[in-house]
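Student: These are the residues of each chain, in order.
2 protein chains.
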Amino acid sequence: MKILEERILKDGLLIEDRILKVDSFLNFQIDVELTDQMGREFARIFRESGATKVLTVETSGLPVAYATAKYLGDLPLLFAKKNKPNTNIDDDLAAEVKSFTKEVVNLIRVPKKYLNPGERVLIIDDFLASGAASLGLLDLIEQAGATCVGVGIAVEKEFQGGRALLEAKGLRVVSLAHITKMKDGQIEFHYTE
Amino acid sequence: MKILEERILKDGLLIEDRILKVDSFLNFQIDVELTDQMGREFARIFRESGATKVLTVETSGLPVAYATAKYLGDLPLLFAKKNKPNTNIDDDLAAEVKSFTKEVVNLIRVPKKYLNPGERVLIIDDFLASGAASLGLLDLIEQAGATCVGVGIAVEKEFQGGRALLEAKGLRVVSLAHITKMKDGQIEFHYTE
Chain A
-6 MKILEERILK DGLLIEDRIL KVDSFLNFQI DVELTDQMGR EFARIFRESG ATKVLTVETS
54 GLPVAYATAK YLGDLPLLFA KKNKPNTNID DDLAAEVKSF TKEVVNLIRV PKKYLNPGER
114 VLIIDDFLAS GAASLGLLDL IEQAGATCVG VGIAVEKEFQ GGRALLEAKG LRVVSLAHIT
174 KMKDGQIEFH YTE
Chain B
-6 MKILEERILK DGLLIEDRIL KVDSFLNFQI DVELTDQMGR EFARIFRESG ATKVLTVETS
54 GLPVAYATAK YLGDLPLLFA KKNKPNTNID DDLAAEVKSF TKEVVNLIRV PKKYLNPGER
114 VLIIDDFLAS GAASLGLLDL IEQAGATCVG VGIAVEKEFQ GGRALLEAKG LRVVSLAHIT
174 KMKDGQIEFH YTE
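If you read the protein sequences in the order shown, they are chains A and B.
Note that the first sequence covers residues -6 to 186 in my numbering.
Note that the second sequence covers residues -6 to 186 in my numbering.
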């Protein structure tokens, strides 16, 4: 998605060729118009997937997941939380996720009653790197006996291996900005149209 | 907002007359169509506020804040995070927030560069109870030398005192579902039109 690639080149901040900060438009501060366009694009791409629900994990994937659910005809949007709030009296589904940037293991959870057998679930997230977050969400979907119909990612860092892991599970993975290389402060994309 | 009040009565779960769970449509699972209507309503209410930015705190206020920013003409949406990620190399503004439901003190943070003097900031959040979260956000706004132009809340529990604290600071507080009482499993609203 050209406008996203251009925005990453303009406003993204590359740290030690390893971490890409997009705080000014995708994380912390959200560019609402851009996010809306990303949601519209994901909806176009996954229109025929038969998705009945959109799933993401808190926090920064939430706006683009919301916009996608909106453009897919107001699908229910479910987000996994990273720790168990004490207001939760339901049985939860839980999966482990190792954070790439924070180097910690989080437990992600959703109440069982919001993921059910037969549901067709579209995963939407802001970043795909090692794939840990998406694999954790997939784990929740499989535990529920539901089906994952695809993975939509705003910004993919392919060289960190996540796509390969997800595709090995037979999943369709679509990223709007597909980064193949971050080196010497430069970002290279796999351009798709 | 009648449809929100009705939804709370239909799907809200009251725990010990103290905690209201709205996990099935506002938190965990988001009803996208309802959230969109709430965003549209906040935009109508705050249209003349001259807001230049919408501010919320992660996580569950994010969808309705996003929808509000969208209907206010794609305003930038900023969300405070509850702990400092190690990818953050910027100077942050920080404020303390005592969580009502979790009985812990969180630090909320936004990068300084995203809140600036002269900005007119609209706070949007899913819940108003003790007012701690909104007061923390107000603290960030004031530290930045910006102005808070109002507080829009999806579900207010007035009897927990937050409104009084915010109005004492001269703020306009508007809630879409204004609960005056939760007792014996019953919820009473202050109906507004």
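These are calculated hints, taken from the structure and not from any lab test.
A couple of the hints might just be wrong.
Since the list gives no way to pick out one identical chain from another, each pair is judged satisfied if it fits inside one copy or across any two copies.
EDC-like, lysine to aspartate or glutamate: derived pairs with alpha carbons at most 20 Å apart [said to hold, decoys possible]:
| hint | residue 1 | residue 2 |
| --- | --- | --- |
| 1 | LYS75 | GLU96 |
| 2 | LYS75 | GLU151 |
| 3 | LYS(-5) | GLU112 |
| 4 | LYS174 | GLU26 |
| 5 | LYS14 | ASP84 |
Note that this is a predicted model, so its numbers are computed, not measured.
Student: Next, verify each hint and record whether it holds.
Tutor: Outcome of the hint check:
1. LYS75 x GLU96: both (14 Å within a copy, 18 Å between copies)
2. LYS75 x GLU151: neither (24 Å within a copy, 29 Å between copies)
3. LYS(-5) x GLU112: So LYS(-5) and GLU112 fail the 20 Å test inside a copy (32 Å) and across (30 Å) alike.
4. LYS174 x GLU26: neither (27 Å within a copy, 39 Å between copies)
5. LYS14 x ASP84: Only across copies: LYS14 and ASP84 sit 14 Å apart there, 35 Å inside one copy, limit 20 Å.
Checked against the numbered hints given earlier, the structure breaks hints 2, 3 and 4 and satisfies all the rest.
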